[in-house]
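Here is how the chains run, residue by residue.
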Amino acid sequence: MLKDKLADVFNEPDCATNQAKSAADKKKGCAIKGLQPGAAAGGCAFDGAKIALQPVVDVAHLVHGPIACEGNAWDNRHAASSGPQLYRMGFTTDLTELDVIHGGEKKLWKAIKEVIAKYNPPAVFVYQTCVPALIGDDVKKVCAVATEKLGIPVIPVDAPGFVGSKNLGNKLAGETLLDYVIGTAEPDPDDIRPTDINLIGEYNLVGELWQITPLFDELGIRIRAGITGDARYRDLTICHRASVNMLLCGQAMINVARKMQERWGIPYFEGSFYGIEDTSAALRAIAALCVQRGAAPDLIARTDALIAREEARCWDRIRPHADRLKGRKVLLYTGGHKTWSVVSALHEMGMEVVRTSVRKATETDKAKALDLMDGNEDALVQAIPNPEMYRMLREGEADIMLSGGRTQFVALKARTAWLDINQERLYAYAGYDGMVELVKRMDLAVNNPVWAQVRAPAPWEAAP
Amino acid sequence: MNAAVLTPRKAASVNPLKSSAPLGAAMAYLGMAECQPLFHGSQGCTAFAMVLMVRHFREAIPVQTTAMNEISTILGGMDHVEQALVTIAARAKPKLIGICSTGLTETRGEDVGPELKILKARNPELADVGVVFAATPDYAGGLQEGWAIAVTALIEAFVPETPLPTDRDQITILASSALTPGDIEELRDIAEAFGLRALVLPDLSGSLDGHVPDAYQGTSYGGTTLEDMARLGASAATLAIGASMRRPAEVLEARTGVPTRMLDVPLGLAAADALIVALREISGRPVPARLRRQRSQTVDALLDSHFYYGGKSVALAAEPDLLLPWARLFAGLGAALPVVVSTVNTPELAAVPAASVTVGDLEDLEHGAAGCDLLVTHAHGRQASSRLGVPLYRVGFPSFDRIGSQHRVSVGYRGTRDRVFEIANLFLESMDHEHEGEDDHAGSHTASG
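Quick mapping for you: the protein sequence lines, in order, are chains A and G.
Count the first sequence with the working numbering and you get residues 1 to 464, in order.
Count the second sequence with the working numbering and you get residues 1 to 449, in order.
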């Protein structure tokens with residue numbers, strides 16, 4: 001059954017990466033590629049599924065596996081909740097050697113009962129992991145029995161780590177929502193509006209969703225569900241009655257967007273709230289689609305007015321930093337749309353982007369990046385090996401690196417300013433306010449007086 | 001009085017106290033010089049452990065994975081192990097690769113150890129790389145146990161069985177996972193005060209102590225070298241710190257004949273005294289004046305602090321090696337321990353000065369901690385702390401929401417003195433807040449400056 005699911009998500013027709021592949025490569029799927037023993041990085045499918053579903057804040061997330069899968073990982077991300085905190089608690093069957101010998105189904109059943117009795121969640125998400133998958137625990141069956149006997153939805157998330165990468169896990173999480181959650185309840189018929197939207201693949205990391213919601217509120221656009229940022233279980237069950245889907249972080253949950261279009265006729269578009277132009281484009285796309293779906297046509301003019309006002313306000317707030325950032329050199333080491341979406345703001349600051357990494361970027365992303373880099377193909381790079389990155393930074397080829405946590409210490413040990421723009425970041429960078437925040441953080445990082453202190457050699461090592 | 005050890009039959013562990021055994025093994029390997037730990041499992045096994053260690057140490061954590069998938073798990077993963085070893089040897093150029101298995105590979109029952117020789121023999125690029133294997137299924141024990149298994153494996157792999165002439169000025173310290181890099185540095189300093197050079201295994205003080213190397217390095221930055229391992233047989237004695245080091249110590253003594261002394265983590269006056277007595281006997285030298293003075297300072301700290309500990313209730317959760325000295329410290333200052341939780345059932349738990357010790361999770365701690373004055377556990381206690389409105393004092397791994405924990409010293413007289421004061425100040429601070437309330441100065445923080 002899981003095999004069929006895997007084949008299904010590998011064959012995603014709307015996935016640009018998949019479409020670009022040869023027939024032979026398509027057969028290989030997206031799971032195994034890139035996982036070279038001794039040189040692999042990143043999480044497993046379970047990790048990806050958990051990342052995608054954990055932001056559902058009012059349910060219990062129960063991990064069926066040995067201690068590593070939850071004990072090493074719970075409460076480790078910054079997805080924010082505006083209310084319930086149950087999602088931050090760690091629940092696991094903590095399988096022991098005896099459980100492995102005798103099978104873990106009974107323990108799982110008991111664990112589900114305990115969690116419901118103690119914490120009374122609207123639903124329980126049960127995550128399958130490698131060890132119980134290997135010994136043949138039938139998590140789907142246990143969940144079905146539990147749902148029936150205990151009277152609340154107990155949802156199996158069948159994405160054991162060894163089936164593939166984090167990205168695959170994201171997609172399997174999406175399949176879980178489609179199979180068990182979305183469309184399982186109906187909203188009050190009087191409470192359906194043409195301006196209801198879902199945000200698919202938005203996880204409200206460090207509360208960045210809330211940098212956007214004031215704009216939506218002003219336009220009268222309602223987020224029916226974040227899928228899954230700050231989501232309540234009930235919102236997800238009725239979100240098939242939204243008018244428009246916006247797909248953020250396209251690689252992760254495209255299957256959800258496409259299948260919701262297929263099943264319920266909800267149009268979707270891919271967009272992003274990183275960068276000023278992206279934010280404006282996304283707002284325009286939402287407005288246009290809502291109008292197509294029956295919203296009052298003045299929404300478009302009101303959106304344009306809001307964009308004009310917010311863009312101007314945003315640039316006004318960014319400009320004071322320009323003098324302090326002008327001429328500074330940036331190494332942009334991220335991927336996907338971020339390859340280019342923050343470049344224009346950096347250019348506006350008068351900063352020079354010395355390199356931008358185009359890992360995980362589509363051809364469209366690459367073209368946009370190349371255009372912004374004045375056609376300089378050398379500035380577009382794939383992965384930079386850590387020693388080379390260290391050398392570049394140590395020798396001052398960049399004044400600051402924007403990247404993810406994985407390369408943080410390459411920059412810091414090279415005594416170079418660094419800013420986290422990936423998922424573990426502490427500050428929110430979405431929308432217009434987010435871009436102002438990013439520029440401010442960059443200013444604070446690169447102009448911190450610490451750099452002179454830490455770069456100076458010890459007095460006894462200074463040249464005579 | 002012996003503590004009753006309770007093992008509740010819960011099916012769902014809620015808010016785990018435990019980290020995994022392979023994580024512990026990998027951390028022990030990171031205390032070896034120029035080492036690259038390798039998890040034999042799915043890539044997630046490595047990623048989760050790596051992320052948690054990065055958040056705790058705020059350092060790059062060079063761990064790798066054999067990237068097992070469903071098919072290789074069923075068919076057997078030795079070719080993944082081989083490929084990983086060759087790739088790592090070429091890319092990171094380590095002196096040592098430390099392999100730890102995971103629940104995934106142990107469920108199938110793959111025995112990697114015996115095959116390593118064959119792998120090394122047919123891959124000449126592995127000739128100069130030490131390779132060691134520790135069997136650490138995720139479903140048995142936690143961080144402390146995995147760490148101990150790795151230390152045992154290192155001894156079996158790299159300590160020769162041929163006896164060496166004894167160097168009277170050299171001792172071996174087998175360090176439990178309960179010790180921070182700062183603790184290890186302090187132990188080494190204390191040993192030096194007796195004229196003893198300490199070889200520490202594993203030695204996080206050289207690798208995860210947060211320093212800035214002069215060049216890029218893709219392996220651990222420092223730690224115990226294989227040359228050090230070869231010299232352990234020359235030590236005058238082995239100090240095994242923490243009960244989890246008993247098994248490694250037995251193996252080391254059997255191989256080298258060097259006599260072992262088991263010590264508790266030397267936090268608290270009595271435990272620190274036991275360390276000093278041991279060093280005095282091994283070295284045959286008197287206790288140096290500065291240590292005598294430090295002991296006197298620690299006694300003074302206990303005197304000044306006991307007012308604030310007396311009658312307090314403390315909820316404590318930690319792995320056994322850390323639990324015991326902390327429990328004794330609080331009990332020895334007149335605080336009660338109404339709820340004590342640990343990760344695994346070991347004989348030492350009965351020695352905890354409390355009515356009972358629960359082998360459980362942070363839910364057990366939280367349920368017992370209502371009305372307590374202080375929570376003492378690792379950073380994951382933060383949710384219970386905010387729900388209960390009880391302050392949290394962070395001990396153990398992980399401490400991901402505070403920085404500098406790798407340098408925190410809790411051992412010896414100085415470590416004890418500083419920790420006793422620090423916690424007394426937490427009690428004082430909450431008393432200040434209570435008085436503010438009583439005096440109806442609510443909302444005003446001017447009283448405390």
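Worth flagging that the hints you see were computed from the coordinates, not collected in a lab.
Everything numeric in this text was worked out from a predicted model, so none of it was measured.
Every residue gets a Cβ at the ideal spot worked out from N, C-alpha and C, and that includes glycine.
Fair warning: there could be bad hints in the mix.
[As the list claims (entries may be wrong)] The calculated label-pair distances, taken between Cβ atoms and stated as ranges, are: (1) 289/G with 78/A: 38 to 44 Å; (2) 391/A with 75/G: 36 to 42 Å; (3) 150/A with 75/G: 37 to 43 Å.
* Quick one: which hint numbers does this structure break? Sort them smallest to largest. => As far as the earlier hints go, only 1 is violated by this structure.
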